[in-house]
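> Here is how the chains run, residue by residue.
Protein chains: 4
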Amino acid sequence: MKNTFGNNLCLTLFGESHGEYIGAVLDGLAPGIVIDDAYIKSQLSLRRPAGKISTARHEADEYRIVSGVFEGKTTGTPLTLLIPNTSQHSKDYSSTRALARPGHADYTAYAKYHGFEDYRGGGHFSGRVTAALVAAGAIVLSALKQKGIVIGTHIASCGGVADDPFTDPAKDIPSLNEKAFAVLNEEKGAEMRSAIEAAAADGDSVGGVLETAILGVPAGVGEPWFDTVEGVLSHALFSIPAIKGVQFGDAFNMVNGRGSDYNDIFYISDKKIKTATNHNGGVNGGITNGMPILFSCAVKPTPSIFKAQDTVDMFNKTDAVLKLKGRHDPAIIHRARVVVDSVAALAIADLLITRYGTDWLSV
Amino acid sequence: MKNTFGNNLCLTLFGESHGEYIGAVLDGLAPGIVIDDAYIKSQLSLRRPAGKISTARHEADEYRIVSGVFEGKTTGTPLTLLIPNTSQHSKDYSSTRALARPGHADYTAYAKYHGFEDYRGGGHFSGRVTAALVAAGAIVLSALKQKGIVIGTHIASCGGVADDPFTDPAKDIPSLNEKAFAVLNEEKGAEMRSAIEAAAADGDSVGGVLETAILGVPAGVGEPWFDTVEGVLSHALFSIPAIKGVQFGDAFNMVNGRGSDYNDIFYISDKKIKTATNHNGGVNGGITNGMPILFSCAVKPTPSIFKAQDTVDMFNKTDAVLKLKGRHDPAIIHRARVVVDSVAALAIADLLITRYGTDWLSV
Amino acid sequence: MKNTFGNNLCLTLFGESHGEYIGAVLDGLAPGIVIDDAYIKSQLSLRRPAGKISTARHEADEYRIVSGVFEGKTTGTPLTLLIPNTSQHSKDYSSTRALARPGHADYTAYAKYHGFEDYRGGGHFSGRVTAALVAAGAIVLSALKQKGIVIGTHIASCGGVADDPFTDPAKDIPSLNEKAFAVLNEEKGAEMRSAIEAAAADGDSVGGVLETAILGVPAGVGEPWFDTVEGVLSHALFSIPAIKGVQFGDAFNMVNGRGSDYNDIFYISDKKIKTATNHNGGVNGGITNGMPILFSCAVKPTPSIFKAQDTVDMFNKTDAVLKLKGRHDPAIIHRARVVVDSVAALAIADLLITRYGTDWLSV
Amino acid sequence: MKNTFGNNLCLTLFGESHGEYIGAVLDGLAPGIVIDDAYIKSQLSLRRPAGKISTARHEADEYRIVSGVFEGKTTGTPLTLLIPNTSQHSKDYSSTRALARPGHADYTAYAKYHGFEDYRGGGHFSGRVTAALVAAGAIVLSALKQKGIVIGTHIASCGGVADDPFTDPAKDIPSLNEKAFAVLNEEKGAEMRSAIEAAAADGDSVGGVLETAILGVPAGVGEPWFDTVEGVLSHALFSIPAIKGVQFGDAFNMVNGRGSDYNDIFYISDKKIKTATNHNGGVNGGITNGMPILFSCAVKPTPSIFKAQDTVDMFNKTDAVLKLKGRHDPAIIHRARVVVDSVAALAIADLLITRYGTDWLSV
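Protein chains in written order, with the numbering used here: chain A, 3 to 365; chain B, 3 to 365; chain C, 3 to 365; chain D, 3 to 365.
For reference, chain A alone in the conformation it holds in the complex (with noise of 0.2 Å):
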């Protein structure tokens, strides 16, 4: 029941979709880090679902921090950040509190919590909570940036539709990050939106593939054996509703080739020690390398559709069928890419702080 991610720099999560707050508990931070306020609300607008392609629950998300930061600074003691819910259509969910949404946690949480769970939006487990990792990680972010780490994310598919591969990561983030709907090639990105419109005409959904690049890492972080740079953010990451599947660099596409055609060679550049492709994306044997960290994660197809599907009475134990009410996004990839940068976040400067020590990250 560990809600909490880190070793060193710790996130717990915590809130359900209808309560009263959604928040996080920040803990390990460095003291002295200028918290940017107009930056985490810009990475909470982002997550902030707007438009047709997306939920018409409308959030403000006027989070609070109320612990860990005097005169607007970081304390170094835990940094506590609430969230309030307040469009909260409750009544959408008693109804069919029984009927388990199929793609959904309702019966797994039922077999987990015996019924005890609230149930109302997807309880403790809605993309809601996202809200909250979202403004954690956006202080994370801030912080990293100044020590010259910077995170981007862009839509690599979504409903069939590829988008350009980056080009230069460090010359495509920075309007990349700028982007509401995050893509490299703004055309690829239009026929994108219209798939996601032409799922929602027809009350479905669709998923596609996140892209992420972490630069400026130095080289040499991460553990041999389970603490590995991919086993800490692939820990992370598959918390973040809707990702299935995590690869580091060209995994599943290496599978079918040679060692000779992945084998990322090294160089020196400048006296630096490069490779000259990123195959593995950053890392070899679980610890950076000094190269861009990228890695990509798939999002299944929003579970919530409005086709009336088969499923069951959770405690009737009989056949039912269910058709959804509400409010949902017939595409959520859009949004969850601040959420990804945001777990790259925490998760990169934990192993950095466990490097470099408790101070590293505002020195």
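Keep in mind that the hints were calculated from the coordinates and are not lab data. One or more of the hints may lead you astray.
Copies of the same chain are indistinguishable here, so a pair counts whether it falls within one copy or spans any two.
Claimed, not checked - Each computed BS3-like pair below joins lysine-lysine, with the alpha-carbon atoms no more than 30 Å apart:
| # | residue 1 | residue 2 |
| --- | --- | --- |
| 1 | 75 | 4 |
| 2 | 273 | 181 |
| 3 | 4 | 43 |
| 4 | 147 | 54 |
Once you have looked at the hints, place chains B, C and D on chain A.
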């Protein structure tokens, strides 16, 4: 620097490829688990190289259990096993000490350990360390089997050749787990071996995909955030050398479909809740739903190849050319398969012990 | 920077004395535990200052549970409680910001947090944070009681006055737990209060010893090395401000005796194994033996005194004289007692949940 | 079942008194630490029994380091050390298997491990396991010394005889650390040894108090809640067999005094902040203040005595009488002292590595 995995069942791995021993400490095992030496030996033999498709280094893997077992059963205190290294050819490595092997951890180890690392044969990063993992895993696998939990893995693809998918894992696994080259379709297996031999003849290597099923885990295991089943399994799986991607169910296949294609419909069968399909790999919201847990691992082509490769001299920061000697695997996927089963056993047992208590595994 | 305690039942504390809220996240609670608001309030009132022997700062401690509870029962997801701070006199502190209060954490906080700490009222180090600990502890205490586990603490000595020892903790504790000033002998209690008042009249303070009994824990809980019952309890207990020593059973009394004096002889009573004496405090080899767990905590005299004290200006590195103003406790031992019970409940529940699984506390 | 200690420097202990090996895995050590075999041997010899005041079991403690060291220096990967058991008299134990030795862990082990435990010589609970702790501790102690951090312990009292207090620990410790019987006043030491011999002559045993100083730790190390310096040290110290109480500074002496007696006044000396007294043992609010860290451990009289004792037959649940045979220590305090130093080194190094990063110990 944590080479330990698990919250309540903890595995610590130690040792270097050319040191005296590799080994493991397994702590958190219930007392009274019977040690099945024949099974441990059998699992080690499945990991051991054999024939033209593997390295010529041969190790007897004569493990010894030096603590935590008394009169053939676990005591409940830390179980330590040692496996001596007997067939090191250390001189194969000293001449090329300064040259970072592409795709290997030489450079990242140097960046992390500043040259103090035991570089011979990959040191602590060596796949050799997985022998200890397999021996420890075998103990857990046989205990899980007593509890009705069965794990099996097949080579879903290798060298561009695809195996048949699982038909019924419960029926497929018993014979699969006996095979030295674990495929469901032996003809495809023969093609894969040919592909490996062809790569070996070229001084090259191949990769592939391993698909795993875990059967018998009850619904309700795992945590909503961070210690999700996917997060915990992937964390451990990424430690296995050459694994660069992990997906649950049909993750990277689902990304181009719609929710209506991939939502696993629930139904009642014999008063139990089941899903008609298993695209989600037995996990919803991070928690088991009682269906088989299904995941796939991308195994990159083995980085040790005999072709000349450009690289760098790490000490002098100069470009160089590397021509590997020594004994290397043109493929490790057939050997990695019991490693994946072992890691899966350790991770899932940890989740189960957390849920049901420390005595559960032997009751 | 880990302000979290516990392996399977995890408490995270946050907040500063003069911030908006102090609070706690409690994760790992079984679902279905009834929240007994009257009991939580009662425990908070026992911690709250009252009368001449306590600080004049009065807080209503109107806690709110904002996650993890649904329809009056725990959901099994993280339970977050918030307690607003309403009676801060921050200006009492700003004039003496640079002066390290002797016996307090001002200087060590400055050394750790480089001046970014919220210094007002002790910030995150304030005993005020224990209100959140007590509210969280009350939830666990009432759940433990349902399982037959009872905890109680008396003021064994204060200001040089000794209370009677426990006669039979099972009989002593019910009435003891109702008392605002928890002594077994009321006459001695009156003497203690006089000693506190006398110290207060001198602008000074007193300390004492708290003795605690935990009843009903079965034999076989705890670990042989490191996670011993003594180790886990003491780890948590030393967080309580002013506690500087922890002993189990008759520890510091046994040091001058012989083994034959202090070995607790076993005997059979009603087919159960018991000990005739309990010098070891219910723990042998780090593991419970089924007898009451007994421990004592040394509470140093409150460091906030009104006498002029020599100290230093931390910023200018000069000697200085400090004359405290504000509102301070001449003794905290009577208030610390429910804090000790709360910490003991959290630590022992964590050990029990580790042993018996995540549902145990509510089954 | 976690026999592991530490967050960033992790020690795992394994082995049983009459097994093949006892040993330890130490993970998180920086690379490049020189292994000083002479010092490890010297520390082991100080722990080893000698003369009339100790058990007649003699072990050569011929440790072997089998991983994590290359060319005489740590590699940064897990360091495993093995110590063979060679002088077991297992038959001493089999005849009394069913009889729970008072003051020992026989019954609690049985309650926890259901009879599967290796009961011979106390099994995994045996003080013998501390040999591995001392060998691991010696590696850390010598690395800490290079960083200016020195640890020393004297027998503050034994058998009712008190040693002199530390005068100046920095001057006292170098010679103290060479002594087989570590007292500051040799006459008092002779009296203590006489008291031990007198107890031995009676078939009885004695206990005492160990006082430890840790010098050179900078201010600002430790956490405000839970991972306080006191909490982390005591957690580890209570693992040492026979330790039943831990106090910092003058804890149990302060309880009868007033704040004005025990507040440690700050002053400036050579532009540094110091305290005039050290009643708080170098820790305020859980965090180091730069003064010596001082703590005392209560060591109960050794429970192995030769007098007939009432006890129970655990299997038949009947009363019984036990007359111990075998080889036992009439006192262990003089041997426990290097164990305390070792544990202190491990715990404080963990806190320092957490604060300053993984390379700190060797830089």
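> Hint by hint, say whether it matches the structure.
Do the hints match the structure? See the list:
{"no.": "1", "hint": "75 with 4", "in the structure": "both (28 Å within a copy, 19 Å between copies)"}
{"no.": "2", "hint": "273 with 181", "in the structure": "neither (36 Å within a copy, 49 Å between copies)"}
{"no.": "3", "hint": "4 with 43", "in the structure": "both (28 Å within a copy, 27 Å between copies)"}
{"no.": "4", "hint": "147 with 54", "in the structure": "neither (33 Å within a copy, 50 Å between copies)"}
Going down the numbered hints, you'll see the structure goes against 2 and 4, while the others check out.
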